[in-house]
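As you go down the protein sequences, you meet chains A and B in turn. The first sequence runs contiguously to residue 261 in numbering that gives the first Met the number 0. The second sequence runs contiguously to residue 223 in numbering that gives the first Met the number 0.
Heads up, some of the hints might be wrong.
[What the hints assert, rightly or not] Now the in silico label distances, taken between C-beta atoms and shown as ranges:
{"#": "1", "chain 1": "A", "residue 1": "GLU160", "chain 2": "B", "residue 2": "SER219", "range": "33 to 39 Å"}
{"#": "2", "chain 1": "B", "residue 1": "PRO203", "chain 2": "A", "residue 2": "GLU160", "range": "26 to 32 Å"}
{"#": "3", "chain 1": "A", "residue 1": "GLU125", "chain 2": "B", "residue 2": "PHE39", "range": "30 to 36 Å"}
{"#": "4", "chain 1": "A", "residue 1": "LEU225", "chain 2": "B", "residue 2": "GLN128", "range": "43 to 49 Å"}
{"#": "5", "chain 1": "B", "residue 1": "PRO203", "chain 2": "A", "residue 2": "GLN112", "range": "51 to 57 Å"}
{"#": "6", "chain 1": "B", "residue 1": "ALA181", "chain 2": "A", "residue 2": "GLY13", "range": "23 to 29 Å"}
Don't read these hints as lab results, they were simulated from the structure. Just so you know, even glycine gets a beta-carbon here, dropped at the ideal spot from N, CA and C.
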Amino acid sequence: MSGKIITISSGKGGVGKSTTTANLGIALALLGKSVICIDADIGLRNLDVMLGLENRIVYDIINVVTKQCSLRKALVRDKHCSNLALLPAAQICDKSAISEDEMERIAREAAEQADFVFIDSPAGIEHGFRYAVKPADLVLLVTNPEVPAVRDADRVIGLLEAAGRAPVQLIINRLNPELVRRDVMLDADSIVNLLAIKLVGIVPEDPAILIAGNRGQPVVLDKQSLAGKSFRNIGRRLTGEEIPFMSLQAPSWLQRIFRFQR
Amino acid sequence: MNQFIVIKGTPQGLRLQPRSNNWEQVLNTLQHSLQEAGDFFRGGRVILELSPQHSLNEVTLATLRELVEKYELTLWAVTGGNLKVQRLVRQQGLRTKLPQPPVPRRDAAAKEANAQLVERTLRSGQRLQATQHVILVGDVNPGGEIVANGNIIVWGRVLGTAHAGATGDRFATIRALELNPAQLRIAGLITRSPEGTKPRPSEPEIAYIQENSIVVEPWSGGGK
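All chains should be modelled from the sequences, with the hints used to inform the complete structure.
Here's what the structure looks like:
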């Protein structure tokens with residue numbers, strides 16, 4: 000068995016790569032898939048915090064690279080889903096501690112053991128980005144509806160295309176339908192139009208995401224949250240299901256009044 | 000401007016036009032102006048433009064030379080002045096006449112030049128450079144750059160930067176189905192979109208040089 004390796008990347012920092020990785024990892028695990036999440040942000044790890052697994056880490060990816068322990072031994076089992084495991088980044092090293100080939104070897108080995116391997120890429124377009132996308136079968140590009148984030152996403156797509164790398168698909172994170180309606184935020188259509196790649200999901204802005212990340216309880220577990228539902232839908236799309244996009248459009252004041260009357 | 004000296008930046012170089020025969024004052028004023036300009040003029044050429052009434056001796060010329068070189072400029076030519084001045088200038092190995100600036104004209108060869116056809120999207124950080132004309136089927140995204148020595152035709156949107164006539168052809172044009180660039184350049188001229196304006200309704204447009212500035216107007220097909 001060889002699972003699919005999916006790298007979550009963005010170019011710009013702070014757009015929600017680790018949040019997306021954590022939530023998609025759990026979303027697929029909830030669908031019964033076996034999943035391994037690799038935190039490739041060596042030196043600045045935080046995927047473990049988002050999953051609430053920080054205090055369970057014994058070994059990390061550098062221990063595996065230097066063959067101090069096996070991959071299986073370094074994996075931390077998730078506390079929410081038993082079929083999800085995390086390969087933590089090392090915190091005491093930096094990105095030069097691992098080469099593109101070593102990352103590829105580890106990702107391939109992980110793919111032998113799981114249906115899906117997610118690699119949480121560091122921000123930027125330097126070495127960390129390059130080793131994170133090297134083994135990918137698919138790159139999921141996370142962007143926000145902001146001009147600088149979209150510009151960086153465009154740059155990353157250009158780099159991936161030039162290198163003849165894996166197909167790239169888009170996740171728009173932190174979309175605020177109310178701001179879009181007021182015409183002060185980029186809408187999904189114009190982002191997709193500019194970047195010209197396939198869209199796999201739109202995640203609305205939701206304070207629950209922030210709270211969830213702080214608590215180590217990813218929002219995808221929250222049945223009430225619209226953002227959580229978006230991540231669950233993206234997870235199902237990654238398994239090949241066709242799921243229609245939900246309407247995120249906030250009702251206008253007129254619609255609100257009519258609803259009130261009814 | 001100034002009662003002692005007028006300074007003009009031109010494509011040929013920095014033109015100095017003294018308004019007085021009091022060289023001490025003239026050079027003092029010049030020094031002040033160069034000081035204020037910082038390194039704005041650095042690396043440029045200096046042209047001293049004299050009227051027949053001006054006198055200029057060897058010492059003054061040497062002082063002027065020293066002064067401009069201190070600001071990393073090169074004294075290139077001294078024009079005008081009487082015969083005696085001209086002889087002195089020639090002795091110093093400087094020009095007394097400026098070469099005529101090349102008159103831009105539509106080069107038959109350039110008009111016939113081949114075009115390169117490219118079908119892709121120029122994304123942020125990507126640059127397409129063509130030695131002749133270029134036809135791009137796709138968009139130039141913000142942060143992308145398309146450069147050609149000849150004309151540019153974009154069958155798509157130009158949202159980044161386009162530079163036609165990159166080697167100096169002032170007859171070069173930029174045509175696009177939608178022209179909303181960060182910057183347009185033709186030959187040595189640069190223009191940018193007015194700030195804070197909403198993109199106009201998209202219609203094909205053409206940009207070309209008219210009387211030393213870049214104009215953009217609807218492209219109704221055919222050539223300019």
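For each hint, the structure was consulted:
no.	hint	result
1	A/GLU160 / B/SER219: 33 to 39 Å	holds (35 Å)
2	B/PRO203 / A/GLU160: 26 to 32 Å	holds (27 Å)
3	A/GLU125 / B/PHE39: 30 to 36 Å	holds (35 Å)
4	A/LEU225 / B/GLN128: 43 to 49 Å	holds (46 Å)
5	B/PRO203 / A/GLN112: 51 to 57 Å	holds (55 Å)
6	B/ALA181 / A/GLY13: 23 to 29 Å	holds (24 Å)
The structure is consistent with each of the numbered hints, conforming to all of them.
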